[in-house]
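Protein chains in written order, with my numbering: chain E, 130 to 467; chain G, 130 to 467; chain C, 130 to 467; chain A, 130 to 467.
Watch out, some of these pointers could steer you wrong.
A pair holds if it fits inside one copy or across any two, identical chains being indistinguishable in the list.
[As the list claims (entries may be wrong)] Straight-line Cα separation of at most 27 Å, BS3-like style, residue types lysine-lysine; simulated pairs: (1) 135 - 156; (2) 161 - 148; (3) 161 - 203; (4) 203 - 135; (5) 408 - 454; (6) 203 - 435; (7) 325 - 203; (8) 389 - 135; (9) 196 - 135; (10) 278 - 325; (11) 435 - 156; (12) 278 - 223; (13) 161 - 135; (14) 278 - 389; (15) 454 - 223; (16) 435 - 161; (17) 389 - 345; (18) 454 - 389; (19) 148 - 454; (20) 135 - 435; (21) 203 - 389; (22) 408 - 161.
None of these hints come from the bench; they were simulated from the model.
The structure presented is a predicted model; accordingly, all values stated were derived computationally and were not measured.
Below, each chain spelled out in residue letters.
4 protein chains.
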Amino acid sequence: MIIVMKRGADDAQIGTVTKAIEDAGLKVHLSKGETQTVIGAVGNEAAVRSIPFEAMNGVETVTPIQKPYQLAGKELHPEPSVFDLAPGIPIGGKHIVTMSGPCSVEPGGIMMEVAKALKQCGVQVLRGGAFKPRTSPYDFQGMGEDGLKLMAEARDETGLALVTEVMDPRDVELVCRYVDIMQIGARNMQNFTLLKEVGLADKPVLLKRGLSSTYKEWFMAAEYVMSQGNRRVMLCERGIRSYDQTTRNLFDAVAVSVAKDQTHLPVVVDPSHAGGARKWVEPISKAAVAIGCDGLIIESHPEPAKALSDGAQTIALDQVPGLLKILRPIAEAVGRTI
Amino acid sequence: MIIVMKRGADDAQIGTVTKAIEDAGLKVHLSKGETQTVIGAVGNEAAVRSIPFEAMNGVETVTPIQKPYQLAGKELHPEPSVFDLAPGIPIGGKHIVTMSGPCSVEPGGIMMEVAKALKQCGVQVLRGGAFKPRTSPYDFQGMGEDGLKLMAEARDETGLALVTEVMDPRDVELVCRYVDIMQIGARNMQNFTLLKEVGLADKPVLLKRGLSSTYKEWFMAAEYVMSQGNRRVMLCERGIRSYDQTTRNLFDAVAVSVAKDQTHLPVVVDPSHAGGARKWVEPISKAAVAIGCDGLIIESHPEPAKALSDGAQTIALDQVPGLLKILRPIAEAVGRTI
Amino acid sequence: MIIVMKRGADDAQIGTVTKAIEDAGLKVHLSKGETQTVIGAVGNEAAVRSIPFEAMNGVETVTPIQKPYQLAGKELHPEPSVFDLAPGIPIGGKHIVTMSGPCSVEPGGIMMEVAKALKQCGVQVLRGGAFKPRTSPYDFQGMGEDGLKLMAEARDETGLALVTEVMDPRDVELVCRYVDIMQIGARNMQNFTLLKEVGLADKPVLLKRGLSSTYKEWFMAAEYVMSQGNRRVMLCERGIRSYDQTTRNLFDAVAVSVAKDQTHLPVVVDPSHAGGARKWVEPISKAAVAIGCDGLIIESHPEPAKALSDGAQTIALDQVPGLLKILRPIAEAVGRTI
Amino acid sequence: MIIVMKRGADDAQIGTVTKAIEDAGLKVHLSKGETQTVIGAVGNEAAVRSIPFEAMNGVETVTPIQKPYQLAGKELHPEPSVFDLAPGIPIGGKHIVTMSGPCSVEPGGIMMEVAKALKQCGVQVLRGGAFKPRTSPYDFQGMGEDGLKLMAEARDETGLALVTEVMDPRDVELVCRYVDIMQIGARNMQNFTLLKEVGLADKPVLLKRGLSSTYKEWFMAAEYVMSQGNRRVMLCERGIRSYDQTTRNLFDAVAVSVAKDQTHLPVVVDPSHAGGARKWVEPISKAAVAIGCDGLIIESHPEPAKALSDGAQTIALDQVPGLLKILRPIAEAVGRTI
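Isolated chain E (complex conformation):
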C-alpha cells in the first residue's frame, strides 16, 4: 500500500501513519520527496486494508497494491478453474457451454417444448426464471415453486442442466432442491446477504455483473460467495449502463479478458441482456466467442412476441440452431468448440 502525504504534512502526521502500519505488522518504507512524503506499507496488505488512513490528518491519497480477492484471484490459483455444472457438463475448459430458454418460466408445456428443441441442437443448460426481479411491482413476478417443478420435469426428460435466478435468501434451499445452477442477478450483485447464503450452498453460482459495477466489485462479489465455502462461481458479463440507449446496456467485451487476466473463474456472456434486442444477439455472441468466453446464456422462446417478459431481446427457438452454426467456426478459430 502506498500512502502519499499532502504538501506540508508534518512529522507528527507522518508518524501517526507509520505507527499504524507498524502496529499492523507491516514494514514502512519512507520516501521524503522535495515537496511530498510517500509512505510504503510492505507486507501482507490484508492487515492494513481496513485502517482508515484517508481519515488521518495530512494524508492525500492511499493506493492499494495487492488484490483483495484472494480466492477469486489468480495469485494463489494461477490456472483457470474447470468445474462441473452438472455431471458431464464441465465449464472453463475447451468447450463453450450454451445455456438457453425463456426469460420467465411459463405455465403449460412450453418449458418441455423448449428443452427438447434446445437439447437437439446441442444446448447444455436450460434457463428459466421462476422468481423475477421486475422493475415494476405490477409486472409478472414469476411462477415460483410451480415454475421450478416445470423446469425439473424438462430436465428429467432431456438431461439438460437447469439454471434459475434466486432473489431471496430464504429461497436458496428451495431452489437448490430443483435446479443445478443458482443465478445471482445484476441487481443483486452486491446483495451481500444473498451472496453469503448461496456461498453456503452446494451448487454452482452464475454471478451476473452489476449494472455499473467495477471489475473489482464484481470479483469481490465472487469472493463473498467463495469465502463461505462455495468455490464454483462463474462470472457473467451482461452489459453495463451507459449514456446511449440505442442498446439496452453496453456490452463490455473486454470484461471477459479482464476477468480472465485477474481471476481463475469461468466467464459467461449474456448477449440478450447486454444488447436488449434480438438483432444484437448474434453480433454480441460472435464477439464473445472470439474474445474467449466460456459460456453463453441466451434467451429463447417459441414465440418471443408472446413471452411473459423480455420478449424484445428473446430470439425465436428456431433461430438457435442457426446461431450456433454461425458461432462454431469462430469457436474453432480460437481453439474452442461450442
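Keeping the supplied structure of chain E fixed, place chains G, C and A upon it in accordance with the hints.
Chains G, C and A alone, transformed into the frame defined by chain E:
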C-alpha cells in the same frame, strides 16, 4: 403509449399491434406518415405496459407516455407529502431534518456520547449501522442486534429518533423493534425481496438511490415499497457512479429537483457518501439545502480516524455545530429552517 | 415527429404547436387521450427539426422519428459503401484493411523500418502522427511537416497508403499534399470547423468517435463531412469513457454493429486506444473482426518503451505478424479475409 | 511518481526503470515488498512525465504524485485569482458576475432590447453566439461577423461586457476585435489548436468543461491556454454526460468545489446547458451560488419559443429579475453579492 413502426412495416404487422392494444381495452390512433406509421394507444397505459410490442415484427420503437409510478408520482397526489419520522419529527415540511452519527455502531459508550452531542446542536435523528454492506467479506460486518441495543439506549436517553440500514428481509422485524426508520442502502435499491418486506412494515423507509439508477428506477423502487402498503418513503440522493474518481461518487444535485417535480415524497441528501471525503461535506450540504432537500444525513464520529468504517468521509462530532451554523442562513434564504 | 403535450395543456397551446407544423408544410395527426394529447407531424421531418417545440407552453416531450443523417444513413443508401483509400486498397468489402505504425512520427529511419516490416506481413496502411493532440501542453507536440515528409518517403519505398491526424483547419491542404487519409481524432469529433474543412478536401477521412459521443452524434459528425461533398468517410470506434479505469477506455464492440445497422459507411476499430495497454490489443482485435469491422488501426513500434508517445498501448513491430496470424481464421470464420 | 512492478519482475527490469528515472535527474527510492517492488521517483516530476514507464517490461502501474497543471494549479499560486473581464467588471472576488442573453445572436433589434433589459436588472455581461457549434450541419450556423457587430452596438449603448464563442482559430483575431471575452465551447475543450490560439490573445477566456472531461483534463485545457501567456481563464461547469436523459446533461455541482480546491481560477456555472430545460435553471442556479461559483451564464430571450437555437432551455427575459431576486439572499448567506 406511442409505437413507431419500421419503414416498410406491412398491414398485417400494423394489425397485430393495433389488435393487442384494442384487446387490452385502449383505443388506437393511427398516423400513416410518408415513410412510417405511428400508432398511439389511448387510455390507461397500465393495461398495455407488459405487452412486448418491441418483440412484434415491424415495430421500431415504443415510447410510454404515462408515468408507471402511480403511488409515488404526483399525478394522483400533487401536494408534497409530510409525515412523522417519530412523534414530533415531521419531514417534508418547512423544517429540514438533520440525521447524523457514525457509519457503524461501535461498542462502548460512543453511541451515547454521539447522541448527546448531536442532540445539543439540534440534530433530530441518530444514524448508525448495525448491519453493514461491505464490499469485502473480510471487512467488519457490523454488530448486529447488540448494535441496535446501543442505539436504543441512546434514543431513550436523548429522544433522538433512530435510523439504521436493513439488508436482510429476515431482519426487518428485528430492526423495527429497535429503530424508527429503516434505511435501504444503495446496493439494495433493486433488491425487490427486501423492498416488499419493508413495504409490509410500519416504519418510515429511507430509500437510497442505487449506484447508477435512473430516476425512474428510483421512483419505481419507492413504488415497490408503497405498493405493499407502507406509504412513508423518503428518497435519498447519495451520489452516483461517474468516470472521475476525485470524488467517491458524483453528487447529483438536480436529483432533488427531479424527485420533487415527479413525486410527492420527501428527499434527503447524503453528502458523506456523495463526496466520499470530509472536505466535500460542507459544499454538498450547502448546495443540497439551496436546491430544496428536506433532510440531510451526515456521518459524524468523535474521532473519524478511529471509526470502524468510512472514516475518510466522516466529519468530527465537534464540526457538526459549525456546519449547521453555515447552513442556517442558506435554509432561511430559501424559506426553510434547519 | 411525435409531440406529447402536458396534462392540462389547453387548446391554444395545442394550436400553437399544430400551426407551426402546418406552416412548415407537414400534416398534423392529433390524438386526444384521456389525460394527454399527442401530436404527430407527418411528412419530411427536416422541415420541423429546428422548430423549438420544447420551448412552447404545454409541451412535455418531443420525439423525432426520422434519422437526421441523410447522407450517412442507410435510408437513401441501403448498400454498404466500398471505396478506395488509395489505388488498390478498397475498404468496406470482403477484405479487412489493416493500418499500423507508431503513435508519433519520429526522426531518423524508424518510419522506413516500420513501413518495410509492416508491408512484409500484409499491412496496407501506415499510420503516424505528425500533429499530436496531447493532454499536456508540455508534452511532445509532433514533428509537423518534417514528419509528413518521412511518411511520404516510406510510402514511396513500400507502396503503403498513409494515414495521419489533422488537428488544425489550416493544415488540411498541407496534410493532403503528403498523405492518403486524414484522421479526425476523438477530441475533435465535434470540431465542426475542422469537419467542414476536411469535407471540402478530396481524401478519405477516418473519423474517430468522440470520448463519450452518442451514436447519433458520431453519425452526425460524418454527416458534417459528407454535407460538404466528401463522401469517403470511415467511422472509427476507439473506446469510450467509462467508470472503470482498468482499461484506458471502454471498447464498445456493438458500436460496429450499430454503425452498420444505421449507416452505409465502413467501420474501423482502434484496439490500441480502446484498451490503452498492449495486452488488450489482441483480444479487442479478435472481437472486432468477429463482430464485423472493415479495418483495424493498431499502434506498433520497433521498441514501444522508447516510443515518443503512447508506448504502453503500442505493440512491438515483431508482434504484428503473430497478431495477424491469430486474426486470419476468425476473419475466415465470418466470411472475410485480413 | 510511484511505479509498482509486477510480481516476479526481475532485477534487469527494475534496473531499466530506475536508470530512466536517474537519467532524468530524479532520485530513486526502492521498496522491495514480499511480493512486489515499488519504485518512487523523487524530485520534479515534470522531467519524467513523458517517459513511457507503462511500456517497460515488468511495470504494473504508474501513479503520478504532482499535479501537471503548474500555471492553473494552486501549488504556486495559492490565492484565488481575481481579474477584470472588462473595466469595472472583476471576477473571482466577492461579487458573483451574471452573464445572460440569447443562445444565438439574431438579426434585428433583439440584441439591443435584451441588453437594455439585462442592464437594468444588474446583469454585467451580454452573451450571444455568432458562430454556433450545431450538432447538425443543416441547422442555423450563426450570423458571423454581422452578429458580432450587433453585439458591439448593444455594448456601446449599455456598457455591458460581451462574451461570444470562438470555434475557428482563424476567427480569434476577428472575435477579439468586437468582444471582451472569448468562450471555448464544451466540444472544443480539447481542441488544442484553438486553445493555443486564444492563449496568444489578450482577452479573458471562458473555458467550458468538455462533455465528459475529467477534472484533470479540464484543468490541463486551462493550462494549454495559460502556457501561451494568457492567464485570464475562467472555468465553466455546464453539465456532463450521464445515463439519465431526464435532464440534457448532469450538473456537477461539486466541480465548482474541486476546481476551487485544485486551481486558483474563477469558476462560472451555466445552468441552461447543465439542465437543458427552463425549469431547471432556477434550482441549478441556487445550488451553484450556494456552493461557491463566481459567475453564472444564463440563456435568456424575449420569446424563447422563437429563439433561433436552444429555446427549450432559455428563460424569458422578464424572468431574469425574478431569478436574481431569488438568488440574492443565497449569495448573502454565503458571504457574496450578486
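### Query
Hint by hint, which ones does the structure fall short of?
6, 12, 14, 19
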